[in-house]
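Enquirer: Letter by letter, the chains look like this.
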Amino acid sequence: MGTVQLFPEFISQTLGLSGVLGDVVGSLVAAAVVGNIVLAFTGVAGPWAKRKITAAFTDRIAVNRIGPFGLLIIPAAAVQLLAKELIVPEGVDRPTWDLAPIVLPASALLGFSVIPMGRLGPVNLQIADPEVGLALVFAFASIASVSLVMAGYASNNKYSMLGGLRAVAQNLAYEIPLIVTAMSVVIFAGTLQMSGIVAAQTDVLFSVGGFDVPTWYAFVNPFAFVLFLTANMAEIGRNPFDIPEAPTEIVAGYQTEYSSAYFVLFYLGEFVHVFLGGAILAVTFLGGASGPGPESIGFLWFVVKIWGFFLFTQWARSALPRVRIDQLIEIGWKGMLVLSFANLVLTAVIVGVIA
Amino acid sequence: MQRKQRSTADQLVDEAVTALPDDAVVSREVHENAPAVVIRADRIRRALSVLRSEVGFDHCSCVTAQEYEDRFETVYHLTSYDDRTCELSLVVPTTKDDPVSESAAPVYPTAEWHEREAYDLVGIKYEGHPNLRRILLPETWQGHPLSKNYDRNQSQIVPLSEHANPIKEDSRQGDTMFLNIGPHHPSTHGVLHLEAVLDGEQVIDVEPDIGYIHRCEEQMCQQGTYRHQIMPYPDRWDWGGAGLLNEWAYARVIEDLADIEVPEYAQVVRTMSAELSRILSHLLFTAMYALDVSGEFNATFMYGFRDRDRVQDLLEDLTGQRMMFNYFRVGGVAWDVPEPRDEFFENVRAFTNDLPQKLEEYHDLLTSNEVFQLRCVDTGELPAEVAKQYGVTGPVARGSGIDYDLRRDDPYGYYDRLRWDVVTEDGCDNFARVLVRLREMEESAAIVEQCVDLLTDWPEADRTCQSNVPRTLKPSGECYRAVEGAKGELGIYIRADGTETPARFKIRGPSFSNLSALPAMAEGEYIADLVATLGSLDTIMGEVDR
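Residue numbers (our numbering), protein chains in the order written: chain A, 85 to 439; chain B, 68 to 613.
Read the hints as simulated data drawn from the structure, not as lab findings. Just to be clear, a hint being listed does not mean it is correct.
[Unchecked claim] Once the Cα atoms are required to be at most 27 Å apart in a straight line, the calculated DSSO-like pairs of lysine-lysine come out as:
1. A:136 x A:168
2. A:242 x A:168
3. A:134 x A:168
4. B:215 x B:541
5. B:425 x A:136
6. A:134 x B:425
Let the sequences and hints guide you as you build the complete structure.
Expert: In structure tokens:
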């Protein structure tokens, strides 16, 4: 799919730069823009949208005092959180303890480097489009578990330790079904390249009353979609799988000892991971940035999709009880893994027969 | 289950006394609530085990310790789960010089905590007690605060070094980890400290450490005059909304002790407001339990508080308070329902009419949710036999299939003239306890509705809120009386010595006994189930620590 111009190339071309300098400047600017878009989402989601959404689910009003719709709570919360004292407990294992809160958001942000976020006017918001894009994004995302273990192990706190251990157990149990399910998409699309996967979902599956239903893999293989959605919830640690934090059981898990800026970084990292989870879901099952209207507003559709996923996580959080750690592992290894392999084999057979 | 008459209860007591070993009985006394037998301190365990195994006193409701001028005394208040009106007190005197008495803990496991408290506050030692150490006060405390030679003016400072780092060394036997859960932890429901030993995620051993909000409630009640100064305290044993039920516990015991009649009208008002109070408490449980099992940002939690608010509005209209009601008075209630009466009754009916729909919603969100069932069915198991040993009462006992409810089994107020059922579930697990409380709210609403009907039609000339009670009460005698609180059997023992204030005021908080069963329920389970099990007990530390 080399025909579509990527975001860094667009920038270097616009600036009239070429060669190594063009690549470097283009990439840096593109990364800064994409990173800031994602961080802006997080900034809106964390202090404001999340509160408003859960309030709507739970019959409350939530923030409404500062600014229109309470929106100015965002800068207020940022100032408040950053102004707090950073408490470093005795006996923490530095610098591991300091690195953990940086690794978590970094791993999620890295994942966005290969996500095709669609067009906005003339700009195609994708930083890179390597041929192993899907594998790469999973690799980036799973760095998160390393961060959680670092935090849990370095905090010198038993609750953190339990949280860290839970995080590893959970990620191991759900990453495999997640990736195996994603592989069924790869069989359909015949490529690991993100833009290729999106492009493979643009055909018309069938028409209902003049409305074309596209070949989004969520429609082609709803079973895989549900599997992927479930595994994704576990991967990002949201209800009913928020076991690594489980505030009523292990206080806050690996986060227990973090305050101030470090806490913000963790919080931020989790939100970026939720959005990354939404982005992967959108690319693999919901046709990426495609949607009604001209291609140049694709980015808006992409935003709608990842925010839709965010809404879904908040809904689950408001409504669903949390499973126990052993039940979680059981669901992962005995249920999801088997189902995802069944799905993979079935998809391979069907694709093999049809093709 | 048919209710036995008082006369059969008397027969049982006679039978009990004949069954006792001859050399054990010193003399007989009469307490206001029950006959009492004075037993030798070195024969008490024999006596108790005979009564438990042969006569059927399977419920050691409370253990009271007190000091007289010339002796110490331990009183075991025994009764039966099958027939609550059948009561017997065993009085065990010990000398001042050597206050040692046999421990009842091997016979009634519930006595273990009660005797620790007796040792802690009064200073009686129990021979053969498995673990006789302080329970409410810090280990380093000097003296026993409810004993006569204790210097109350001498302040005691518990040095920080006692609490500086509560993280104990790992008691490593194999791969276990010692974990302090609390006193500050999201799900200990107050300042409760659980000393847990974990093997991975599994709880091998758990020991509740209580006393963090011990506020000398018994001592304060002993300094208050019967007529007015004690009634505000029971509210403070339960801030979860069950205040009116607690007030009734004091009202009942003092009315029995001082022979005060309560006008029927006041009894109906009491019954109505008490059941609203119970709904308030059970709704809090539902909300908090959703929090324990689901985690924060949870809809059920907020729904619980939304619905509680309506009850609180009603009780505020009635009592003028939303939390510490202080509405009951000795001999009745403080004042009549608010004017305009019709509007108040309409509001109450509107709430009770809406309640079934709300409960349906809770069932949708909790009991019929598969994940919730996965978490709660067959976890925190408490077989009926074990529950009885630990003196477990209230919804926790009824969730273990024990058909025991003081409102029916030892009737007071207006309950015996209303139509309602005692709710029991046979699951013996967390799920059963949730079901019991959800279903009990329906019964409470039914009681409230009937009371409202009665009050609406009550002739205006006959609306007496309070009987004539002397300005100063100076009763004498000993009485232990209990009511069905939100958490279980809330009992109060008063020894009145003819003065204006009680000589001994002992509180049996239902959560105290219920909590003592936690290790039996949670050991061997996962830490997540420990939290769910603790939540299902619905303990409130106000009545545990007092």
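Enquirer: Looking at the structure, which of the earlier hints fail to hold?
Expert: none
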